[in-house]
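S.K.: Each chain, written out:
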Amino acid sequence: MLNLFLSNPTANHLINFQGTLLQSIDLNKVRNLKTNFQPPSSLILTKCFLNCIKKDHHSLHHKHKLQNKNKGVNEPCCVSCEKRKDCKKKECCWHCDQELESNFLFCSGCKKLQPPNEKSDYFELLGVEKRFDLDINKLNDSFKNLQKQVHPDKFHFHGGAEHRFSKKISTNINRAYKTLKKDNLRAKYMLELNGISSEQKIIHDPELLMDALEKRQLIETAESPVLEKMQKENEKEKTEIKRKLAKAFLEKNLSEAENYTIKLQYLVKLEEQLNDKLF
Amino acid sequence: MLNSLIKHSNSSLWVKQTLSWNGLNQIKRFYDQKVVDHFENPRNVGALDKKKQSVGSGIVGALACGDVMRLDVDIDDEGVIKQAVFKTFGCGSAIASSSLATELIKGKSVDEAMGVTNTEIANELSLPPVKLHCSMLAQDAIRAAICNWKEKNPNHVCVCGPEIAMSPKKK
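Protein chains in written order, with numbering that gives the first Met the number 0: chain F, 0 to 278; chain D, 0 to 170.
The list that follows gives simulated cross-link-like pairs (lysine-lysine, DSS-like), each with its CA atoms no further than 30 Å apart: (1) D/Lys130 / F/Lys166; (2) F/Lys231 / D/Lys86; (3) F/Lys177 / D/Lys130; (4) F/Lys235 / D/Lys86; (5) F/Lys153 / F/Lys143; (6) D/Lys86 / F/Lys237; (7) F/Lys137 / F/Lys111; (8) F/Lys200 / D/Lys130; (9) D/Lys130 / F/Lys241; (10) F/Lys137 / F/Lys147; (11) F/Lys200 / D/Lys33; (12) F/Lys129 / F/Lys243; (13) F/Lys180 / D/Lys130; (14) F/Lys231 / F/Lys246; (15) D/Lys130 / F/Lys237; (16) F/Lys167 / D/Lys130; (17) F/Lys276 / F/Lys241; (18) F/Lys200 / D/Lys107.
These aren't lab readings, by the way, just hints derived from the structure by calculation.
Given these sequences and hints, build the entire structure.
M.R.: In structure tokens form, the structure reads like this:
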């Protein structure tokens with residue numbers, strides 16, 4: 000049952016409850032649908048009408064669905080309808096069917112935003128070298144440039160599919176950036192990439208832990224000059240550990256990398272506590 | 000109580016602001032009442048003299064958050080834990096877990112104390128999933144302390160859990 004009331008009989012555009020612009024639809028085509036309707040004053044769209052409209056939109060814009068049937072491909076595919084997740088054509092643009100380059104964000108042909116690439120890791124996502132001692136400035140620039148391209152605010156009026164993809168991609172990029180920005184998180188992530196999970200790990204090294212405990216006790220009680228001195232020493236130690244950690248990752252020496260990561264985590268925690276106390 | 004919780008808590012600025020806006024009843028959404036109680040009134044804070052023969056000291060850390068937990072036990076000749084104290088630097092849940100751990104093992108025999116599990120601690124404090132590793136840490140701290148005591152007193156008969164990693168010897 001369609002209840003369609005058009006305020007302006009010549010209008011080609013239809014607006015749904017949320018105010019998202021639907022694609023232009025030929026009014027004649029709508030009128031040919033089985034219904035009796037009269038155009039009174041206000042604009043109301045019911046849920047079932049929206050579903051019908053969506054189906055039309057679908058077949059209008061996903062021509063490759065029909066093309067594939069002609070080519071004899073068994074599974075009709077459409078990334079944006081997400082019915083077939085194992086679709087073989089995922090490497091092609093969902094809109095214009097052109098082959099996509101690897102690590103794609105946009106189609107080179109029709110320039111439409113593509114679905115997020117689930118296989119790439121954080122380094123590939125942000126386009127930085129896969130090493131511990133990466134250039135932070137380059138990381139920041141890369142992050143900003145990417146968000147300028149894929150932020151959801153840019154895709155509000157581009158249709159549901161691109162908007163959805165942009166939300167996922169933007170979230171992934173944010174997560175990747177947060178992880179790679181901090182030294183301790185980056186180190187732990189790199190260990191994970193090499194198969195060493197650090198989430199549930201409990202450390203039993205008495206030397207390191209006693210030292211950390213004493214220092215944190217000192218932070219609670221000591222005066223500013225002592226704390227500032229501690230800060231400088233901590234900074235020096237951190238730089239040294241980072242250098243060693245970068246070397247360990249390059250040489251693929253994972254056990255050493257793990258040890259240094261643990262030390263780095265405690266140094267970073269100490270730094271945070273010192274900053275809290277001093278500012 | 001609310002103010003000190005806000006001041007001492009390890010939580011982010013956003014959480015602190017929310018706590019202060021919404022008042023005391025909001026605390027129940029973030030921390031269970033028992034955790035708050037242990038945080039405000041921690042039992043058995045302190046350290047024992049490690050040089051004493053009857054004292055076992057265990058120290059553990061969590062890599063995920065960079066927290067430290069130290070638990071000392073004083074065990075008498077019959078293998079009963081006379082005294083248990085702790086020192087923890089970490090979040091409210093970690094402090095509460097170690098505080099509860101000391102309460103649980105006091106007066107127990109060494110074997111019984113080794114049987115205290117993270118599930119017990121987590122259930123008692125109603126820890127949310129994201130804080131379950133704190134109870135794991137507390138369990139390991141108990142076992143590390145007892146194993147340290149056992150190293151000092153090898154002749155005393157008791158059962159150590161097989162999965163305990165002994166403190167690595169100094170290189």
